[in-house]
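Asks: So you can see what is in the structure, the chains are spelled out below.
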Amino acid sequence: MPRSADVVGESTGQTSLLIRRIIAYTVLVALVIISLFPFYLLIINATRGKVQSGIEWWFSDNLSNNFKNLFDSDARSRYGNIFASFGYSFLISALSCALSVYFSALTAYSIHVYDFKLKKAAHTFILLVMMVPTQASALGFYRLMKNFGLLDSVIPLIIPSIAAPAVYFFMKQYMESSLPLEIVEAARIDGCGEFRTFNSIVLPILKPAFAVQGIFTFVGAWNNYFMPRMILSSKKTIPLVLQAMKSEIAGNPQVADAGVMNLYMVLAILPVVVVYLILSKYIIRGIALGAVKG
Amino acid sequence: MAQLKKVLAGSFAVMMAATLMAGCGDSSSSTADTNSAAGDNTSKAADESKGGEAVAADNAESLDGLDSAKVVNIYCWNTEFKDRFEKYYWPNRDTALWDGVKYHFEVNTNEGNVYQTKLDEALSTQANDAMKIDIFLVEADYALKYVNGTAASDVKATIGLTDDDLKDQYKYTKDVMTDANGVLKGVSWQATPGLFLYNAVYARDVFGTDEPDKIQAELSDWTKFEAAAAKLKEKGIAIVSGFDDTYRCYSNNVSAPWVTDNKITIDPKLTEWVEQTKKFTDAGYNNKTGLWDDNWKAGQKIDGKTFGYFFSTWGIPFTLLPNTVNEEIKDDGSNAKVGNGGYGEWRACPGPQAYFWGGTWICGCATADNNDIVKDIMLKLTCNADIMASITEGEQDYTNNKTAIKKLIDGGYKNDFLGGQNHLALLTEAAEKIDLSNKLSAYDQGCNEKFQGAMKDYFLGNSTYDEALAKFKTDVKQVYSNLEV
Amino acid sequence: MKKKSISYAKWGYIFLIPFFVAYLIFAVVPLVQTFYFSVLDYKVDTGMAPDIFNPDANVINKGFCGLDNFKFALSSEGEFLRCLGNTAIIWLIGFIPQIVVSLILAVWFTDIRLKLKAQGFFKTVIYLPNVIMASAISLLFYTLCIRNGALDTLLNKGSDLAITEKVWGARGVVGFINFIMWYGNTTIMLMAAIMGIDTSLYESAQIDGASPTQTFWKITIPLIKPILAYVLITSMIGGLQMFDVPQFIGGNQAGPKGSLKTVVMIIQNGKDSAIGSVGAISVMIFIISAILGFLTLKVMSDNSGKPKKKKPARK
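If you read the protein sequences in the order shown, they are chains V, Z and R.
Per numbering that gives the first Met the number 0, the first sequence starts with residue 0, numbered consecutively.
Per numbering that gives the first Met the number 0, the second sequence starts with residue 0, numbered consecutively.
Per numbering that gives the first Met the number 0, the third sequence starts with residue 0, numbered consecutively.
No lab work stands behind these hints, which were simulated from the structure alone.
Where is the CB? At the ideal position from N, CA and C, for every residue including glycine.
Just to be clear, a hint being listed does not mean it is correct.
To give a feel for the contact side, a few chain Z residues facing chain R, derived at Cβ under 10 Å [as the list claims (entries may be wrong)]: (1) A68; (2) K69; (3) E120; (4) T149; (5) D153; (6) V205; (7) F206; (8) G445; (9) L482.
One chain only, chain V, in its complex shape:
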């Protein structure tokens, strides 16, 4: 990467700077195209018909038909209820998002503000388990939920997000930079209870951190395929319906409909993309914040 090496650059001439700019913009535009290409193709495909072979570059006229087919009663019994899949996905994602940011903040607050014997141990423990993948305990988790009779319930997909070490870590970092202990002291002097202090004084300060981590956990849960596939059967989230649509190609070829499937994918990623675009400034700042603060 010789070109990239000119971090500050020496006093090369204007022409060489121009060339470097041209190269940089060309590469960036190419990457933009690569990144947007899947979206574009998805949208195109969502307007195409039932059997799609080859590639098309411009919209076809099947969109309304696909809409009709996606939401008619046949599609419901076939893939599981399409409406419900949005409902379940939203429910699971929203609740896990809310639980994980709230309780992670609470945990971080505890370790940030209070002095107690096990403080250090608790902090280290959480950091240690931060990297343990859910997959490592998935087998035990599955058998445990089976024993609890919680298979095909959304509870195993929501409640565990109370303990989200990575979100905790971010919150802790954020508090170190943005939550002066004086505020807590002042609240105490005003006679505010500890729990109330957290809820009504500390939480508002943490809002930017909530925004960043909120969208991350929401998106993570919204897109999750591994766990729901293990736990759910009749209540299908979006990725599970997608899987059902893919299997439909094998199991029920008469009705497999690529147009409907692509339309569904567009609808599935739309909410997340909209929120992302609205919040992108905060999100990108949040990633950067996570990267080099301190």
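Assemble chains Z and R onto chain V, guided by the hints.
Replies: What follows is chains Z and R alone, placed relative to chain V:
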């Protein structure tokens, strides 16, 4: 900060709106009530006793809060049965039994054993579950698993069908579902003898005729079949579409099942399939497609460069017909005629080897709380000659009722899709030949799937035969860890 | 940060309760159970329907078996090493271009002389693929890359390309998807790291007559080393958990010659039947991630640059 707040509030409003829009108001409450998340619009279901019209509306989409005795809960893997149920059973149902009762289909894909896993999970908690399963469907590949054991109830003693009710069904369909003690555990509305369906246009082009008898003469054994393949290849046509198309011809004629005494054996017939398919692939006699994928379907177009497909009875309505026409068949059938894609340009012949493919059986679940309705469904959908005849006429399905089929043949049955050919006669002949004794095991689904999958690497030249075989053994051992390979 | 706490300590404990209780129930207990399974000769006969009145009738549990499950998992039949190899290869195919492209972009974005315009737009767009469902992207690429799919039609007029049927083709597709999903994220993190470098270092380097290449290798790289290490390790942990993309591209056979079969897939495939050996594989995944996690912690605490964790490891 205030700005961020607005943005946040706005974005969540968008999210909510998007979800609600998609939910069309059925998620009226987005509260913490986790179980009634969405889709509880069972309100439409009130219009019972309106005969055949209001069909889909009766579907209880969400089971939450419903009384188990008021729901017929059905486990299945696709909508084939549901379609039959709604079109042929519902108008003929015993309305008194169905008073205030809804039905619910629980669909999980067969692929990767998902259906069995989810069904097993549900069955293992049935004794304590509030919502009981009334019916579950099984396929030939794993019928035995549910025939043995207690999951399915006795069709005669518990559900109450009589030998007289069942007399018209093909014996093999009953044999499959009879356990070691002679107890019948399930019934089917279809028999699934196999045929070879071929493209008449290509037949005329290559063999100079599309007449089934003459084409059959060209294909009557595997040696001839291969010679025909070579002929077709000269014109750029593949005799079969992919690797798996001929699989059932071999796997149904094995000398022993996949698994005996917890040990997996690879039958010589399957090795023959591997050898032949490898030869076909290398010689270009197939288009290297995978069963059911888009290319495989594309080959069913009348100019799809594929000569024929091995299909059982359900293959026509389920696959070939919708794939070969250019314009979807309308409800009034006005475009079901020659000229619409391949309509009327396919023919059927028995092919090189008798076989069967698939088959779906209805089992009453041992814990069912609607046995009277289960009985009604079984009677109407698997024993009633009139309804069965109408299924065959309407769906081109070969129904499991000798009287119905005979009546149709005697009545001069003609299949327009097959250019007026009476393929029922061929099927009847084939159905009588089916003998499943000592061919099935409870592990067939996984074994077939993993074997075909592993061999694909060999056909494509990615692996040697031994490597592919080793992969099969590893894969199958993960799903059935108690078996010896 | 000296605190003059009076007796608030109990609140510290109280506020920790939800986290630790949830963690105990939903992570520690399953983990312990998984460890326990890993030393049992525990199988389930899935060819036997569950007996409604005795749901455990199809369980074959022969009790403690020492390290047999581990021996099996590590044997060629157990596939763990092969799948670990697959995982590593696919991960590398995605990670190498990811880190190279991200470094270049990060340097460009932070180059004060280059002064790239519309940075916000570019950053937003390159990060965008990260928020999409991996399953949706995978499904799209699947239909693009299968035999006679769009790519075949486009490049070769329907000839025998079928890249998902070739070992390296299929791996390449999965690696590429991983790349487009993650390079934006890495770029932004590296950028932040580079912006944290004191500009006077560059100025003095320039005065000493260092070439841009030298500046890059001698100043930028050493100073962002901690964050590079951090990116590397978290990406490895994420790679270890790879599941959605290869599953959708490779299907149930997980690709040609099983070349897309990752370690996590063994868990999904065998969780209903091969309880013991799946347990052993889970334990090994745990050990590997624990080592990687420990390294991350070390990297993070060793350096003044202090890279920080920003979100859960990728999937």
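Asks: Taking the hints in turn, state whether each one holds.
Replies: Going through the hints against the structure:
The closest approach between the C-beta of A68 (chain Z) and any C-beta of chain R is roughly 18 Å, which is over the 10 Å cut-off, so the hint fails. The restraint placing K69 (chain Z) at the interface with chain R is violated, with a minimum CB-CB distance near 21 Å, outside the 10 Å limit. Below 10 Å, beta-carbon pairs count as interface contacts, and E120 (chain Z) has one with chain R at about 8 Å; its hint therefore holds. Taking 10 Å as the C-beta cut-off, the interface hint given for T149 (chain Z) holds, the closest approach to chain R being about 5 Å.
Because the smallest distance between the Cβ of D153 (chain Z) and any Cβ of chain R comes to about 14 Å, over 10 Å, the interface hint for this residue is violated. For V205 (chain Z), the shortest C-beta to C-beta distance to chain R is roughly 22 Å, which exceeds 10 Å, and the interface hint is violated. For the restraint placing F206 (chain Z) at the interface with chain R, the shortest Cβ-Cβ distance is roughly 26 Å, beyond the 10 Å limit, so the hint is violated. Because the smallest distance between the Cβ of G445 (chain Z) and any Cβ of chain R comes to about 8 Å, under 10 Å, the interface hint for this residue holds.
Restraint check, L482 (chain Z) versus chain R: the minimum CB separation of about 8 Å is within 10 Å; hint holds.
The earlier numbered hints that this structure contradicts are 1, 2, 5, 6 and 7.
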